[in-house]
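Engineer: Can you build the whole structure from these sequences, using the hints too?
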Amino acid sequence: MLNHSAEKISKLKNIDLWESYVLGWERADGTLSIKIDAVLLPNHEVYTKPTPEMWACYKKGKLQFKGVSSLEGYHELKSDRAATDASGEKDYGHIEEFKFTKLGDYYFEIEFAGPLKFKAKEIDFVLTNV
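Following full-length UniProt numbering, the numbering of the sequence shown begins with 1 at its first residue and continues without gaps.
In case anyone wonders, no lab produced these hints; they're calculated from the structure.
Some clues are possibly wrong.
[What the hints assert, rightly or not] Calculated cross-link-like contacts (lysine to any residue; reagent style SDA-like; alpha-carbon spacing at most 20 Å):
#1 K117 to D85
#2 K8 to K66
#3 K35 to N129
#4 K35 to D85
#5 K102 to S70
#6 K13 to C57
#7 K119 to L103
#8 K8 to K117
#9 K11 to L41
#10 K99 to L12
#11 K102 to S69
#12 K117 to Y74
#13 K119 to C57
#14 K121 to T31
#15 K60 to D37
#16 K11 to E72
#17 K13 to L41
#18 K99 to F112
#19 K99 to I9
#20 K117 to L103
#21 K8 to K121
#22 K60 to K102
The model shown is predicted, which means the values in this text are computed figures rather than measured ones.
Structural biologist: In structure tokens, the structure reads:
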């Protein structure tokens, strides 16, 4: 199996996942949603120049993995390891690793929470605060 990185997924184009923060996760109706504070790159359609106190353009969104099966690690995710930033918002650190195969196998690791392995039929990214 050939592993690919997230840059190969067109829906994630112009998003720097490795500098984005994981805010939480949920599972419902065969969909795994990873809530993130996404770092948008300048070529992203809703990019705005960051304010002087911010180094990047952050927008809240969800990575949605649809048609999820064979989910390993979900119940072991460590929700008690959240960090609190200066604004009081909790996060679970950065996305440490994100690999997938053309067969729909995914490996996703959250810095302070742990790894997930699963199969998914589709991935989407939806901005939630634009």
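Engineer: If a hint holds in the structure, say so; if it doesn't, say that too.
Structural biologist: Quick rundown of the hints versus the structure:
At most 20 Å may separate the alpha-carbon atoms for a hinted pair to count; K117 and D85 exceed this at roughly 28 Å. For the hint pairing K8 with K66, the CA-to-CA distance comes to about 18 Å; that is within 20 Å, so the pair holds. Proposed proximity of K35 and N129 is supported: the alpha carbons are some 12 Å apart, at most 20 Å. Annotation: proposed proximity of K35 to D85 holds, straight-line Cα distance about 16 Å (limit 20 Å).
This hinted pair checks out: K102 and S70 have alpha carbons roughly 16 Å apart, not beyond 20 Å. Proximity of K13 to C57 is assessed by CA-CA distance (about 15 Å); at most 20 Å being required, the pair is judged to hold. The suggested pairing of K119 with L103 holds, with an alpha-carbon distance near 8 Å, which does not exceed 20 Å. Distance hint between K8 and K117 is fulfilled; the C-alpha atoms sit about 18 Å from each other, no more than 20 Å.
As the CA atoms of K11 and L41 are separated by approximately 13 Å, the hinted pair is consistent with the 20 Å bound. Only pairs whose Cα atoms come within 20 Å are accepted, and K99 paired with L12 is accepted, the gap being roughly 13 Å. Distance restraint check for K102 and S69: the Cα-Cα separation of roughly 15 Å lies within the 20 Å cut-off, and the hinted pair is therefore satisfied. The hinted pair formed by K117 and Y74 meets the criterion: a straight-line CA distance of about 9 Å does not exceed 20 Å.
Between the alpha carbons of K119 and C57 the distance comes to roughly 31 Å, so the proposed pair goes past 20 Å and is violated. Proposed proximity of K121 and T31 is supported: the alpha carbons are some 10 Å apart, at most 20 Å. A hinted pair counts as satisfied when its Cα atoms are at most 20 Å apart, and K60 with D37 qualifies at roughly 4 Å. Using a Cα cut-off of 20 Å, the hinted pair K11 and E72 is violated, with the two alpha carbons roughly 24 Å apart.
At most 20 Å may separate the alpha-carbon atoms for a hinted pair to count; K13 and L41 meet this at roughly 9 Å. The straight-line distance between the Cα atoms of K99 and F112 is roughly 18 Å, inside the 20 Å bound, and the hint therefore holds. Under the criterion of a C-alpha separation no larger than 20 Å, the hint pairing K99 with I9 is consistent with the structure, at around 11 Å. Restraint check for K117 and L103: satisfied, since their Cα atoms lie roughly 13 Å apart, inside the 20 Å limit.
Taken as a hint, the K8 and K121 pair is honoured in the structure, with Cα atoms around 16 Å apart against an allowance of 20 Å. With a C-alpha separation of about 27 Å, the suggested pairing of K60 with K102 is violated against the 20 Å cut-off.
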